[in-house]
Each structure stands twice: as C-alpha cells, then as structure tokens.
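Visitor: Residue numbers (UniProt numbering), protein chains in the order written: chain A, 1 to 521; chain B, 1 to 345.
A portion of the hints provided could be inaccurate.
One-sided excerpt, in silico: chain A residues whose CB lies under 8 Å from chain B [said to hold, decoys possible]:
#1 L104
#2 S126
#3 S223
#4 I381
#5 G473
#6 S483
The hints are simulated quantities; they were obtained by calculation from the structure and are not laboratory data. Idealized CB from N, CA, C, for every residue including glycine.
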Amino acid sequence: MRSGDAATARRPTARPHLPFPLAVAAVIVVAASFIPLGYVMVQSIATGWDTASALLFRPRVRELLSNTVLLVVVTVPICVVLGVLAAWLVERTRVPGAKVWAVLLAVPLAVPAFVNSYSWVTAIPSLGGLRGGVLIATLSYFPLVYIPAAATLRRLDPAVEESARALGVGPWAVFFRVVVPQLRLAIAGGALLVSLHLLAEYGAFVFIRFDTFTTAIFEQYQSTFNGTAATMLAGVLVLLCLTLLVIESVVRGSARYARIGSGAARRAVPAELGWRYSPIVLLFLGVLIAASVGVPVVSVVRWLVIGGSAVWEWDAVASALVQTLGFGIAGAVVTCVVAFPIAWISIRHPGRFSRFLEGGTYISSSLPGIVVALALVTVSIRYLHPLYQSVAVVIAGYALLFLPRALVNLRAGLAQAPVGLEEAAQSLGLSPLSAFVRVTLRLAAPATAAGGALVFLGIVNELTATLLLAPTGTRTLSMQFWSLSSEIDYAGAAPYALIMIVLSLPMTYVLFSQSKKVAGL
Amino acid sequence: MRMRIGLMSGVALATAAVLTVAGCSDSGSDNGTDSGAANQITVYNAQHESLTQEWADAFTAETGIEVELRNGSDTELGNQLVAEGDQSPADVFLTENSPAMTLVENAGLFADVHRDVLDQVPGQYRPSSGKWTGIAARSTVFAYNKDMLPDQLPKSLLDLQDPAWKDRWAASPSGADFQAIVSALLELKGEDATRQWLAGMKENVRTYKGNGTVMKAVNAGEIPGGVIYHYYWFGDQAKTGENSNNVALHYFKNEDPGAFVSVSGGGVLQSSTKQDAAQQFLKFVTGQKGQEVLQTGTSFEYTVGSGVPANPKLVPLAELQAPQVDPAKLNSPQVTELMTEAGLL
Numbered sequence: 001m002r003s004g005d006a007a008t009a010r011r012p013t014a015r016p017h018l019p020f021p022l023a024v025a026a027v028i029v030v031a032a033s034f035i036p037l038g039y040v041m042v043q044s045i046a047t048g049w050d051t052a053s054a055l056l057f058r059p060r061v062r063e064l065l066s067n068t069v070l071l072v073v074v075t076v077p078i079c080v081v082l083g084v085l086a087a088w089l090v091e092r093t094r095v096p097g098a099k100v101w102a103v104l105l106a107v108p109l110a111v112p113a114f115v116n117s118y119s120w121v122t123a124i125p126s127l128g129g130l131r132g133g134v135l136i137a138t139l140s141y142f143p144l145v146y147i148p149a150a151a152t153l154r155r156l157d158p159a160v161e162e163s164a165r166a167l168g169v170g171p172w173a174v175f176f177r178v179v180v181p182q183l184r185l186a187i188a189g190g191a192l193l194v195s196l197h198l199l200a201e202y203g204a205f206v207f208i209r210f211d212t213f214t215t216a217i218f219e220q221y222q223s224t225f226n227g228t229a230a231t232m233l234a235g236v237l238v239l240l241c242l243t244l245l246v247i248e249s250v251v252r253g254s255a256r257y258a259r260i261g262s263g264a265a266r267r268a269v270p271a272e273l274g275w276r277y278s279p280i281v282l283l284f285l286g287v288l289i290a291a292s293v294g295v296p297v298v299s300v301v302r303w304l305v306i307g308g309s310a311v312w313e314w315d316a317v318a319s320a321l322v323q324t325l326g327f328g329i330a331g332a333v334v335t336c337v338v339a340f341p342i343a344w345i346s347i348r349h350p351g352r353f354s355r356f357l358e359g360g361t362y363i364s365s366s367l368p369g370i371v372v373a374l375a376l377v378t379v380s381i382r383y384l385h386p387l388y389q390s391v392a393v394v395i396a397g398y399a400l401l402f403l404p405r406a407l408v409n410l411r412a413g414l415a416q417a418p419v420g421l422e423e424a425a426q427s428l429g430l431s432p433l434s435a436f437v438r439v440t441l442r443l444a445a446p447a448t449a450a451g452g453a454l455v456f457l458g459i460v461n462e463l464t465a466t467l468l469l470a471p472t473g474t475r476t477l478s479m480q481f482w483s484l485s486s487e488i489d490y491a492g493a494a495p496y497a498l499i500m501i502v503l504s505l506p507m508t509y510v511l512f513s514q515s516k517k518v519a520g521l
Numbered sequence: 001m002r003m004r005i006g007l008m009s010g011v012a013l014a015t016a017a018v019l020t021v022a023g024c025s026d027s028g029s030d031n032g033t034d035s036g037a038a039n040q041i042t043v044y045n046a047q048h049e050s051l052t053q054e055w056a057d058a059f060t061a062e063t064g065i066e067v068e069l070r071n072g073s074d075t076e077l078g079n080q081l082v083a084e085g086d087q088s089p090a091d092v093f094l095t096e097n098s099p100a101m102t103l104v105e106n107a108g109l110f111a112d113v114h115r116d117v118l119d120q121v122p123g124q125y126r127p128s129s130g131k132w133t134g135i136a137a138r139s140t141v142f143a144y145n146k147d148m149l150p151d152q153l154p155k156s157l158l159d160l161q162d163p164a165w166k167d168r169w170a171a172s173p174s175g176a177d178f179q180a181i182v183s184a185l186l187e188l189k190g191e192d193a194t195r196q197w198l199a200g201m202k203e204n205v206r207t208y209k210g211n212g213t214v215m216k217a218v219n220a221g222e223i224p225g226g227v228i229y230h231y232y233w234f235g236d237q238a239k240t241g242e243n244s245n246n247v248a249l250h251y252f253k254n255e256d257p258g259a260f261v262s263v264s265g266g267g268v269l270q271s272s273t274k275q276d277a278a279q280q281f282l283k284f285v286t287g288q289k290g291q292e293v294l295q296t297g298t299s300f301e302y303t304v305g306s307g308v309p310a311n312p313k314l315v316p317l318a319e320l321q322a323p324q325v326d327p328a329k330l331n332s333p334q335v336t337e338l339m340t341e342a343g344l345l
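Build the full structure now, drawing on both the sequences and the hints.
Guide: Below you can see the structure in the form of structure tokens.
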C-alpha cells in the first residue's frame, strides 16, 4: 500500500473554531445517552452488596448466563460464515441471477425476528431451546454481516489479489490470506451488530421458550414492575454488551484498510462456477432465502387465509399503522437532529473531543431496549413526572437506542461534502449559513435520509421499549402483534406481521443500496 | 429552490408525524391527574384485554364515559401504581387475581368502594376491608393430554413436586395467574412447604409463556399436563377446539391448594379526580349487565355478582370444593421473592 496522508492534506490550514452551541448540544445528547448506564450503576450501588450478590450469584443467573453466552458464541460464527460466503458468491462469482440474489439476501432484515420466530413455531411447534434460538437468530440476523461484507467486496481492489495469484498463491489461499483479512472491518462490525441484537432480542426467544437475560428481565418487570432483581439482571446484561464492544475494538485492530491515493478500484472479474458448482450454490442460496424469507411469508399468508376477512379489524389495524408511522417518522427525525451536532463535530473537528462524543453515544446505545426503557421509566416517574408516560419519553428512548444508525450515515454524508465546496460558495458571496444549507446540507441529504430510514426500520420492529414506555392507549403494530400472538391468536396477529414486513421492505432496500456508499469510508 | 421545497416538505411531514403521535395518545398520556376529558377514565387493566374491552364498550354505550385501557400484568401494574403513588394517571385498577389488589391496598392507594357496588358482590368474593371488590373468578385446574395421562392424575397440587413428575408438567410461572396459585399455597401450607414445593417444581416443570401456550403444548402432546385456569379450555372449545381437543380438565377439589379459586379484583384509586365515573364503572362491571358479559360472553370466567349465574357449561363454583382463602391475605411480593429464590423467575 502506498503511504501518504490525504486526510490531512485536504484539511483547511486555518482551522475554524468549534461553534459553542453545537458543542453544548453534542454534550447534552451524549450526557442523555448515559442515562441508562448511569441508572444501572446507581441502582446497583444503592442496592448494597448483600442483596446484589444474593441476586447475582444464584443458579438462575448462571443458567441465563450460559444460555446467553452460548447463543452468542454459536450464532455469531454461523452468521459470519453464511454472510461472507453469500456475499462472496453474489459479488465474486457468476452465479446465475447474482443481482437478484444480492437484493434477496438483504430482505430477511425486513422480517422482524419475532415474526420469524412466530412463523417457525407454526411450522415446527416443538422448536425450542438453544437450537431453536440459534436457528431463528441466524436467519434473522445474518444479513447484518452479509450487507457490509458484500459492500466491501464490491470495492476491494482486485489488484492485490491478482498480485498474490501472480506470486503463485492458490485460489483458496488468496481468499483466506488476502480477501478475508480485508473484510475484517466488515466482519467485526457485522458480528458486533449481530451479538448486540442477540443480547437485546425478546419476542423471538419467548416464542421458542429460550431464556436469555432480556427475556428474564422482562419477566421480572412483569412480576415486580421495576424491582431490584430486574436491575441486577440488567447490570449483567450491560456488562455483556460492554465486553462485546471491547472484543470488537480489539479484533478491529488499528491497521489501515482504506485504499489511499487517486483512482478507483476496478471491479473484480467474477469467478466461473461451472456446471458442477452452480447447482450447489443455487441450492445453498435458495435454502437460505426459503428459510429466512419463505417460511415467514408462507406462514403469515397461511394464517391470513385461515383467518379470512374476520382478522382484518380495520379500525384497529389502521390506528396501529398510523401510530407506528407517527412514532417511526417522529423518532427518525428527532434522532437525525440530535445526531447532527456529533456527526458535524466528528467530521469537521476531529480530535479527542469528537472521539469522546462518539464513543459515549456508541457505548450507551449498545444497551438493549429493555435496559434503556427500565431506566427511562424510573427516571421519568421519579424526577420528570410531567413527562412520565408521554410521547416525549418514547421518542427519547428511540433516539437513545438508534442514535448510531443515524450517526454513521450522517457522518458519511458530511464527509462526502468537502469543506472546500462550502468555502467556495462563501467566496462567491453566500453567507456562511446559507452556504451550509445550500451546499453541505444538500449534499448530505441522501445519507441523512438513509440514516432516518434505518432509524424508522428500527422503530417499526421495536417491541420491549415500546411496551414499557408507551403512553396509555398506544397500540403500535408490534404491540398489537405481540398482544394477539401471546393469546395464541395467530390468525389475528397475521395482518400486523404482514404490514410490518411490507413497511420494512423499502427501508431495507435503502439500507442495502446505501451500504455501497458507506462501505468505502 | 428545489432544496428548499424538499426541506419544507420534510419539516411539514415531521411536524405532522409528531402531531399524529401526540394526538393518538393525548387523551391518556399527559399527567392525567388534573387534565383529560371529564367523561373519560383510565383503567390500568391486568384482566384479559378482550374481556375488559367488552366491559368498556358496553359501559361507554350506556354512560357515554370513554374508557382508556393501559394493559399489563397484575403485579407489573400493581407495583407500577405503588411507584406512581398519588400522581398516578389511573382511575380504576382491574386484575385477574387478588394478590396485586392487596399490594395496592396495603400501599393505601385505594378509595373505599361505594356501598352500592359492594352490595352487588357476596362477602366471600371480596375483602372485608371494602377497599376493592371481586369482579370475576377462575378455578385452578390440571389440564392433561387424554392420550398421555389417562388414569394417573395427581391427587394434589403438592404431588407435582415428586421426581415422578419430572418433565411431565408445564406452567407459566411468569404470569400472575400462576403466582396467585402459589400465593394460595403459601397462605394454606406456609412458607417452608411452599419453598420446598417450588424447588421440586423447578426440577420438574417445563415453563411456557402464558396459560394458553401451556394448553397448546399439552394438546400437541409436547408435555402430558399443565397447571392453568379453567377457562382457557372452555374458550378454545367454544371456538375451533384446535388447541384443546386432546385436552381434558382435572379439578383437584377436596380443598386442595390446587382447587384454589382466584378472585379477579377491581378498585378505584384514591388519587383519581374522577371518583364518580370510576365508581360507576365498577358498579357496571359487578352489576347485572357486566356480569352477563361473563355469563354469555367468550371469556368463560365465573360470575361473582348481582346473582347472575355462571355460564351453564362451567362446573358450578359450589361443586369445586375450593379451599377457604381470604383474598386480602394473599401476598404477591413474598411470592415473587420465593419464586426468584427458586430460580423460576
């Protein structure tokens, strides 16, 4: 790789000072995002060692710990293998219909994990335990590895592989020694996302009777509203999340992966599969899609047919849809707005302060929805009573949970809008503000929209935080689905499952197409 | 210019979204203690959602008073009311069982139930304190798969702790229903026996989420039997029978803890600014029309008030030989503690 530092070269020589209001705003957002972590710590200390240790060092916690850790340890490698393999097949081979497969493989993200679980339980009623958990989780979350892996593969410079081959390295060795190491960022990031989802998932595991910390915390909450036992379990869950963050940053390492200098990578020449491997590959991709998308779709349609027109209670369906859209859009807008100061500072004023801001939001938003919700319930009931059970708290919860989704995209968008253009606009007579709005904001708009779409997707499929925080009378799609399917009214739940999938599809597509742009940064 | 229009429409959309969300929840969300329409009450509802919705709709039709439901489980909402204290937005609290009512009563949060409401419900279905009232009742049963357990049924609920029952029965320990049964056991047999039984249960039981799911598993032959309440079976039989055709019910009788009849409760919060409307709602639920919803509706719970007899399909309450338990004595915090200790929660 060539040396040189394009980043510093592009940076303006006279560095503008960081606008004070922006810094304050960013600090407030980060401070707010520490509420859940602070809540768990304060409660744990207030509980006292005797009670805490009695609640922590008991067989049930050992059971939950072993379930949860095993789930992560088994599922994540499977997701990595499936995700990378699928990405390589659609990006680097001439598998028939590669373009179609490439999109289809992202579609499982549009199926909420709890809908997936509901479908599989319908098909195989005895599904349960660790095996069931791994199956459902893998099918729901492997695209989180596939998407970044595919995006990275598409941008990798084939010249490096060609050089290796020219030096006499065999094709397998090229794959493992040249390609895979360059995918390290994508794999580490994807694996981290999968593991955090595994820790946070509630509905999917309840259906198949697989107990994790999150399901146990929810049960404790239902038994005591907000008892000490729930908080202690939340404390362990938080430690697990933080451990994952540390592991990921170690795996990620500090090596550079970016291609530096001018020019763009050529597209690699796809490998021929030939008549011997094509059927195997097609079978593999077919089974993967059938299991992750086919089963839920068939199952939902089957329940819709069984339920007939009676399950379409239009008033309830329409009201749930409107409320979900309202929460989704409001949540997406608010999240993008509060993410903006941080993204701005990290792009325009990189340094220790910006790293601190980003790290802060990242740590706290890695916490599962149930922990964030528990914290917000307690804080709002005790200190912010007028806000208790209000829409504001729900939206704040969503913003805390989904801040990184907006942040990653906003940063990418702002980075693609060079300061130079804004300065040029100013030199042509525009005021700084209007130069910013008309140049930078405009260039960053698509990325912002993608970030918003991702947040929206998260909100539509969110369950635990919504259940705990929502104002009285709220019935979102996921709440309705959950309430009906818990009363084993599977047919009644089907319309809500269908709408959630349909609503998530365009967002998934945005995510998929946006990933191509973000991967290079 | 295009940009500006885009930005404007974005802002407009966002504003509309926020307004929509605010509008949806305006009625019940805000602090609730002083605002909200006068002819609207908020019910913290731990009863089955569909049953309470029937009550609410019928009540609104009769009085014009709107009813907003916040759904949750018995102990969750009970503890939540205690945490909210006198700032609670709730006007009425309805449960499936009585321990959570006692919890709220002990925190001093209930107003006295009006005399004319109490008069509608016989003494054995409400606490002597008059701080809340029974609104319905449900019987504990052992639901079993007819092909798997023909003639070796447990004589007592206590039998289920024996190793012979390992992996042969199911329950939903996170639910308030099951916790009410444990609280009856605690009241009838004492703490040591309960602790021992829970330890045996932890060894033997397979846990599901929800009584309906337990019955479904028994029906599918995943497990021979399960401890649930009676009406899940009757409800499913009245529909397609798809989840209960292979299931039969065993009533323990003999005043066994397993013959426990659990009283569903209703109370009015002291902090409510709509005492009248709240009392009216309770009066409606325990009154003839409310109880007829139980008698003729799809919930198959037992009626307790206004002399309305239970659905004729049910085994009459009088024949169940239920143990005598004062609903006011059932203790939910101790039960959750014991169950947490046993590793069931």
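Visitor: Confirm or reject each hint.
Guide: For each hint, the structure was consulted:
1. L104: violated, 30 Å
2. S126: holds, 6 Å
3. S223: It holds, given that the least Cβ distance between S223 (chain A) and chain B is near 5 Å, below 8 Å.
4. I381: Interface hint status for I381 (chain A): holds (6 Å vs cutoff 8 Å).
5. G473: holds, 5 Å
6. S483: Since the shortest Cβ distance to chain B is 6 Å, the answer is holds.
In summary, the one numbered hint that this structure violates is 1.
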